[in-house]
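Student: In order, the protein sequence lines correspond to chains E and V. Counting along the first sequence from 1, when you hit position 114 you're at 114 in this note's numbering, and nothing is skipped either side. Counting along the second sequence from 1, when you hit position 296 you're at 1296 in this note's numbering, and nothing is skipped either side.
FYI, nobody ran anything at the bench for these hints, they're computed from the structure. As the structure is a prediction and not an experimental result, all values here were calculated from the model. Treat the hints loosely; a few may be bogus.
[Unchecked claim] One side of the interface only, derived from the structure: several residues of chain V facing chain E at Cβ under 7 angstroms:
(1) Ile-1002
(2) Tyr-1054
(3) Val-1055
(4) Gly-1059
(5) Gly-1060
(6) His-1063
(7) Gly-1064
(8) Thr-1130
(9) Val-1131
(10) Val-1142
(11) Val-1245
(12) Ala-1265
(13) Gly-1279
(14) Val-1280
[What the hints assert, rightly or not] Computed footprint of chain E on chain V; a stretch qualifies when at least three of its residues, placed anywhere within it, have a C-beta under 8 angstroms from a C-beta of chain E:
(15) 1006-1012
(16) 1114-1128
All residues carry an ideal CB built from backbone N, CA and C; glycine is no exception.
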Amino acid sequence: MTDLTVDPGAPGDPRATPVGAVAVAAATVLAPPTRWRLLLRRPTFVVGAAIVLFWVVCAIFGHAIAPFSPLAQQLLNSNTAPSGSHWFGTDPLGRDVLSRVIVGARDILVITPLATVLGTILGTALGLAMGYLGGVVDLIAGRLVEAVLALPAVIIAFLFIVALGSSTVTLIIVIGFIFTPLIARTVRAAVLAERNLDYLSSARLLGENPVRIMFGEILPNVMPAILVEFTVRLGYAVFAVATLSFLGFGVQPPTPDWGSDIAANYSGLLAGYWWQTLFPALAIASLVTAVNLITDSIEQVLNA
Amino acid sequence: MILTLWIISLIVFFAGQILPGDPGRAILGPFAAKSSVQALDAQLGVNRPLLTRYVSWIGGLLHGNMGTSYSYRTAVEPFIRAALINSVKLALLAFVIVVPLGIIGGVIAALYAGRGVDRIISITGLSLATVPEFVSGIVLIVVFGVTLKVLPVTASAGAGAGDLNQFRHLILPAIPLVFVLFGYIARMARAGTIEALGSDYARTAVLKGLPRATVIRRHVLRNSLLPTITVIATQTGYLIGGLVVVETLFNYQGIGNLIFKAAQAKDFPMLEAGVLTIGVVYVLATLGADLLLIALNPRLRIGGGE
């Protein structure tokens, strides 16, 4: 969806990185303590990380924190406006909106990182192959990437989800696969910038096999670009998962979920029950913005 | 380009025809008798071999026959056409608002690159771009439709409504699309302007004593806006994805809403035709942008003209 300015200049860690272990590799890229300190000194990063951390805590301990059970119905208490006992009001079934917002963090926070990790691993492998091997591989994969780019991600996603049936695993796999070509494109561009550098010629002359060159030599050097791409995609994954839930292709009711809760209650907006949709909407907006603040800080630090 | 369309048709066919397994079963549900499922499969022609189905589907498309809807049992084509026209109206309005806004935002950010104004525009753009349309849509409905009551919250003015009235109904649905697109356009306009500002011709213009405003208007903007055109075209694809959400939220009979309803009803022919139409629109938009770029940039006209 977006064209990232690839930054091949930032020197990566020269030590070989375990294949595919993105989380570990991400830590390696930022390993020099100076970079961490630079990151922690940025207010945008700290705010973003704090918000994400808040939602992670909600996702893990949601049931313990929530003042009410998110599923408990109090039909006599339905559609009540925010008050002292129900801070965010109640929904048409008398369920506490605050509790549903807190517990609703769970599924989106499970699906988005896993889908993004899947897409990043597959996309990195594909991008390395496209960029380094070139030729027919690049041509064929390039056409495929183009075709996937021509269709909006949300539409491909629900085409496949309708066909396969909705579940958490389907969502992770479908979103992961949709991200693969997008990430591959970025990685390919980063690899092309490295391709003619001396260390690769020496590796080739030493007779290293292509797989080792791709994952052992090139991968550590394009890691900063991949890390930025990962965080950018994480933001889009939140977007995609929330949208699919809203359209009814994600988490199914009565399980609390921001997107599907909004879908269930937005007709109540006209009757003035704004709190049922506004609070889950703000929860999504806060998570997305937080991820973006983190992305922006990492980009700034790596480019500095 | 033809190749891209062909691959899209394969993806769409694969998702719509192979994955769902038995369409007759999908339509009639798990409790229908086996014989009636088989009868429906035969009637729909889905019990034929895969290759035959693909060839006849593509053959039909090439002759303008997009298939027969499972739900309505009539040709898909009139539905697609009507929905597409509605969507184009909404998309055009969004573009008319966002293109000047995005370009101005990006140029301002570039002129103050690295300073506060630039950071604010960039971060706002990035944040707006990743807030899902239904989230911003709901905030807009709450503020303008429910609290202030200044704009209608449904997209259709109803039959027989005047153009101006219909236009008023489209304003609120267009804004979430504007939000998402603003960031991309501004980002490209910013990058293009920064590049043009650092160029030799911009330096020459400054050194020969032209006022700053003239340099920017005559030398920088003309060159910086070219890449932005490409971005605007590639965002058409996204825009239609956004339409699915916005049209559903505001209950507007566009192509996004049509695809969404078809997906809910497991009406695969309608779904496939709709998604393929989107692919065609995207490819045409990209082609149009390329042609426009060639028309605007003499350097790209290789061997053309005098």
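Student: If a hint holds in the structure, say so; if it doesn't, say that too.
Tutor: Tested hints:
1. Ile-1002: violated, 11 angstroms
2. Tyr-1054: For Tyr-1054(V), the interface hint is violated, since the closest Cβ of chain E sits about 16 angstroms away, which is over 7 angstroms.
3. Val-1055: violated, 20 angstroms
4. Gly-1059: violated, 21 angstroms
5. Gly-1060: violated, 19 angstroms
6. His-1063: Because about 23 angstroms separates His-1063(V) from the closest Cβ in chain E, which is outside the 7 angstroms limit, the hint is violated.
7. Gly-1064: violated, 21 angstroms
8. Thr-1130: The hint holds - Thr-1130(V) has a Cβ within 7 angstroms of chain E, the shortest such distance being about 5 angstroms.
9. Val-1131: Hint on Val-1131(V): holds, closest Cβ of chain E at ~5 angstroms, below 7 angstroms.
10. Val-1142: Result: holds, 5 angstroms to nearest chain E Cβ.
11. Val-1245: holds, 6 angstroms
12. Ala-1265: violated, 10 angstroms
13. Gly-1279: Status holds, d = 5 angstroms.
14. Val-1280: violated, 9 angstroms
15. 1006-1012: holds (count 4)
16. 1114-1128: holds (count 4)
Consistency note: the structure conflicts with the earlier hints numbered 1, 2, 3, 4, 5, 6, 7, 12 and 14.
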